[in-house]
Amino acid sequence: MNTGLRLIAIVALAAVLAACARDVRDEPVAPTAPGSSTTTQTDRIDARDFSDARNLENPDSLLSQRVIYFEFDRSDVRAQFRPIIDAHAAYLSANPSARVSLESHADERGSREYNLGLGERRGNAVRALLEAAGASADQIEVVSYGEERPVCRESENNCWERNRRVEIVYTAR
Amino acid sequence: MTVSKGYPLLKKVIGMAFLASMLSLPMLASAQLRIEIVDGVEGAIPIAVVPFDWQSQAQPPATGVADIVGADLARTGLFEPLSTDLMIERPTSPTTVGFGAWRLVGVDYVVVGRVIDAPNGPGQEIEYHLLDVNTERSLLSQAMPVRPGDLRFASHRVADAIYEALMGVPGAFATRIAYVVVKNVGTDDEVFELIIADADGFNPQAVVRNSEPIMSPSWSPDGRQIAYVSFATGRSNVIVQDLFTGQNRVVSSSRGINGAPAWSPDGRQLAVSLSRGGSPDIWTIDLETNERRQLTDHWSINTEPAWSKDGSELFFTSDRAGRPQIYQMRADGSDMERVTFEGEYNSRASIGLDDRYLATVHSQGDNDFRIAIYDRKNERLRVLSDGRMDESPSFAPNGSMILYARRDNGRGVLAAVSADGRVRQRLVNSEGDVREPAWSPLLR
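Chains H and L, in that order, are what the protein sequence lines are.
If you count the first sequence from 1, position 131 lands on 168 in this note's numbering, and the numbers rise without skipping.
If you count the second sequence from 1, position 135 lands on 986 in this note's numbering, and the numbers rise without skipping.
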């Protein structure tokens, strides 16, 4: 590969990653166009170095994204969230003492105990992908809260989408 | 006319009165529920509960026995108590009841009585008589003992006896309800409370309070203990709490989910849902030996166990066929079969009298979740409630009503519907988000 092609590939990759870097905690939609600002505070941090703990707080890094959203009554992880999971798997793999709690949630529809099970199923799906991508089992705990900890409380689709989620919470970095 | 004193009843009543007075000691008062009738029955039975004569040396209460009894009967929607203002005479003994006058105002039954000091020892006695206006005969004459400070609960017992004499099934007035209330919802001060109140919403007491979620209260069959799910440790645990001593213990804290406790009818076991094996399965825990037994073993979600009245069978929710439906099995896990087929979603069964009726959280596949009742005998399912997010059905111990949780204007409230769908009540709480009601067993 010549230098020009390599540069194009890197720019393209950066664009994709920047696209993924939107804060999904506020808006559970597929990552779209990149924001206008790109690299201001990343002069010394490589946002794609997923072994670097500083990227956990770096808004330009996928590691700063910690929420995976799900469809109703489903627990399969949609393709657009795979890069986030892969980034955290890389971090966990590179930092064996790091630990995460996968706090798993359901929307309010249906019965509460069933939703506890549904939340856990989502957490387990994220756990399986983290492990498949290099994290080890003893780094991951799944805690399902079912519908008991909503982030949004209206009985409508927009709200339900935001509540059907797994939050990746670092209990040790 | 003589006042009959049935000794078995007397003993029973004293036992409960003792428990009732104990219950109020170690707990914290909380905001009260108010029950409103939304829909009653055409042709409710007209009855006059005449104010009782207060002959005790103690200070008379603000709300008299007759008011409590009348309100209990009215709340069922099956009775229409005559307003005190419309009573042309106020007899307090059966010999002074002028039946002709009551017939004229269209009353079918008259209740009269008095409250006297207990002949032996502290407390009082409620002497009361239920009279049939048309036959001019007494249907019931009893003396109900009252422990000091326990007049409300004794009055509910009077209402229970009247209900049973006229309806043929026991009343459920002298019972309690448990529910979860969340205060300061969505703020940093969010707090979950497990509340126990009388069945009419009076005397609410917070028995557990935590900033982490509380779920799924389940009564022990003797009404002395409550099992529930607590996230106080940051993970789900099943806790058993003694309502009288306030003592509690962790019954299950395995890896994963520890949820959906359901007390066996003999009081010896809890059925629970545990995901220690990777997905939620139904287990039983022997409360004395702590021995655990796994009843289901399937990759699907298996939860919300509910015992048959004789304890030989368990109903539960499983999505092994794709969506949640009710299944049943023998209490040893054998002979499993699917129970519900109608609708996309049926979960969290509550079992009615004789195990014939199951109340479920039901959806046809739209976004609406309602309470349905499934008749196992005729294999018919009927939707009873009309909300969009109705859940947590709980049968009254006499099978007459189903208490459930609904959302009104974004707020969790409790409601009740009669098993035939004709009578509707709304329970209004002044503060917080109310959810997960559980009706106590009949208290003996």
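Treat the hints as calculated values from the structure; they're not laboratory data.
Just so it is clear, CB atoms sit at the ideal spot from N, CA and C, and this is done for glycine as well.
Check each hint, because a few of them may be wrong.
With a cut-off of at most 25 Å between alpha-carbon atoms, the simulated DMTMM-like pairs for lysine to aspartate or glutamate come out as follows [what the hints assert, rightly or not]:
1) 1034/L - 191/H
2) 1228/L - 1206/L
3) 1034/L - 193/H
If you want the ones that stay clear, here's a sample from chain H, every Cβ over 12 Å from chain L, calculated [to be verified]:
4) 81
5) 85
6) 88
7) 91
8) 93
9) 95
10) 115
11) 116
12) 117
13) 133
14) 156
15) 160
16) 173
17) 187
Hint check:
1. 1034/L - 191/H: The hint holds at about 17 Å.
2. 1228/L - 1206/L: Between residue 1228/L and residue 1206/L the Cα gap is close to 10 Å, so the pair holds against 25 Å.
3. 1034/L - 193/H: The given pair, whose Cα atoms are some 22 Å apart, holds under the 25 Å limit.
4. 81: holds (35 Å)
5. 85: At roughly 33 Å from the nearest Cβ of chain L, residue 85/H sits farther out than 12 Å, so the non-interface label holds.
6. 88: holds (28 Å)
7. 91: Correct as stated: the minimum Cβ-Cβ distance to chain L is 27 Å, above 12 Å.
8. 93: The assertion about residue 93/H holds, with a minimum of 21 Å to chain L.
9. 95: Residue 95/H is indeed farther than 12 Å from all Cβ atoms of chain L, at 27 Å.
10. 115: holds (20 Å)
11. 116: holds (23 Å)
12. 117: Non-interface label stands for residue 117/H: nearest chain L Cβ at 24 Å, farther than 12 Å.
13. 133: holds (21 Å)
14. 156: The claim breaks: residue 156/H does not keep its Cβ more than 12 Å from every Cβ of chain L (closest is about 9 Å).
15. 160: violated (9 Å)
16. 173: Residue 173/H clear of chain L: closest Cβ-Cβ about 16 Å, beyond 12 Å.
17. 187: The claim is violated: residue 187/H sits with its nearest Cβ about 8 Å from chain L, within 12 Å.
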